[in-house]
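Engineer: Could you put the whole structure together from the sequences, leaning on the hints where they help?
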Amino acid sequence: MILHTLNRSPTESRVYRQALAAMGPDDRLLLIEDGVQGALPSLVRHFGDVSGRVFALREDLEARGLAGRCDATVLVVDADGFVTLTEEADKTVSWF
Amino acid sequence: MASAEIYRYLELQERQVPLDPEGFLIHLDDWSPEVAEALAAEEARTLTEEHWEVIEVLRDFYARYEASPAMRPLVKAVGQALGPEKGKSLHLMRLFPDSPAKVGARLAGLPKPANCL
Amino acid sequence: MQDDTTKASSQVLVILRHGPHGSSWLREGLDAALVAAAFGREVTLLFYGEGVTALVEGQGAGPLGQKGTQPTLEMLAMYDIETLLVDQQALDERGLAASDLLLPVTPLAPSQLAATLAEHELVLNF
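These protein sequence lines map, in sequence, to chains Z, F and Y. The numbering of the first sequence is our numbering, which starts it at 8 and goes up by one. The numbering of the second sequence is our numbering, which starts it at 48 and goes up by one. The numbering of the third sequence is our numbering, which starts it at 582 and goes up by one.
No lab work stands behind these hints, which were simulated from the structure alone. You may find that some hints are simply not true.
Stretch by stretch, here's where chain Y covers chain F in the computed footprint (C-beta under 8 angstroms, at least three residues) [to be verified]:
{"id": "1", "segment": "108-115"}
{"id": "2", "segment": "132-143"}
With the C-beta cut set under 7 angstroms, the calculated list includes, among others, these residues of chain Y facing chain Z [stated by the list, open to error]:
{"id": "3", "residue": "G630"}
{"id": "4", "residue": "A690"}
{"id": "5", "residue": "V704"}
A short list of chain Y residues far from chain Z (calculated; beta carbon distances all over 10 angstroms) [claimed, not checked]:
{"id": "6", "residue": "R598"}
{"id": "7", "residue": "S605"}
{"id": "8", "residue": "V616"}
{"id": "9", "residue": "F620"}
{"id": "10", "residue": "A642"}
{"id": "11", "residue": "Q647"}
{"id": "12", "residue": "K648"}
{"id": "13", "residue": "R675"}
{"id": "14", "residue": "A678"}
{"id": "15", "residue": "L682"}
We treat Cβ as the ideally placed atom computed from N, Cα and C, and that holds for glycine.
Structural biologist: This is the structure in structure tokens:
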């Protein structure tokens, strides 16, 4: 299992499509930095193909005032959760 | 590319050639066989025919790829140009002790290899 | 089988997602690949998305004299970097064919991407 991190918003960059195309059936996607914009209910549809495997970093959500506005399907993790996700993965690939 | 910082000059018969702190040429165009001889003499190295043929391989490599080779590609390039007997790290270590890629690049008037081992 | 495992575990996949000149990402990715190869790692390159334009034949130096990447691409073989995968879909989108490229490549279908990432021990994205 690969942990993919994405730090760009789906409205600003098409890189999320490259990340999705490269994801295997068990891979996970963690939204960080501007990437957490994708956790909003109006944008989360971009990640429909990997629903249930989409995580967002709490610290980045909070910093943007988005912590309470996340879609219910997105799994919110804090920095410790990020570490756990990294440990559970064979490797990490970052998309930026 | 070569460092822009002039650290010292290599004294030749009729001119002075600026060098960086590690003895690489500041201006790659300054190179000539005479420069290679002088650089080698500073380190008490004597250039034989076997040294010169490797220096030529290094200069060809740079002309073609615009980069100085690390050890592995240098071994490969020497093997391709001079035959498998010479395309061995042992041969290059004997000719340019310590670090063939780095020492060879310096004598051949190339920039310091970016990732020399 | 053990040998295969050992071999795979030393493999590095470098993903190149940018073309020449627009940014330094292509050059940085190639530099990373060369360093890994110089240290004895087996390196695979994946030209992905816009990255496929890095291989287009006939490119040169930039208008402001920026160094071209073609000599570096041609040098890859000297570092034993022989496996060049290209994103077939990105080629198609740009109306390019493998014959338009300056090095022999292996086209990769979208369905093969995930497996390619999975089978390399380390993936570096540029």
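Engineer: A separate judgement is required for each hint: does it hold in the structure or not?
Structural biologist: Evaluation of the provided hints:
1. 108-115: holds (count 5)
2. 132-143: Result for this restraint: violated, n = 0.
3. G630: The hint holds - Y:G630 has a Cβ within 7 angstroms of chain Z, the shortest such distance being about 5 angstroms.
4. A690: violated, 11 angstroms
5. V704: holds, 5 angstroms
6. R598: violated, 7 angstroms
7. S605: Given a closest Cβ separation of 14 angstroms, the condition holds.
8. V616: Y:V616 is indeed farther than 10 angstroms from all Cβ atoms of chain Z, at 18 angstroms.
9. F620: Label holds. Min Cβ-Cβ 18 angstroms, cutoff 10 angstroms.
10. A642: holds, 27 angstroms
11. Q647: Given that every Cβ of chain Z is farther than 10 angstroms from that of Y:Q647, nearest at about 22 angstroms, it holds.
12. K648: Holds, because the least Cβ-Cβ distance between Y:K648 and chain Z comes to about 24 angstroms, which exceeds 10 angstroms.
13. R675: holds, 15 angstroms
14. A678: holds, 21 angstroms
15. L682: holds, 20 angstroms
Of the numbered hints listed earlier, those contradicted by the structure are 2, 4 and 6.
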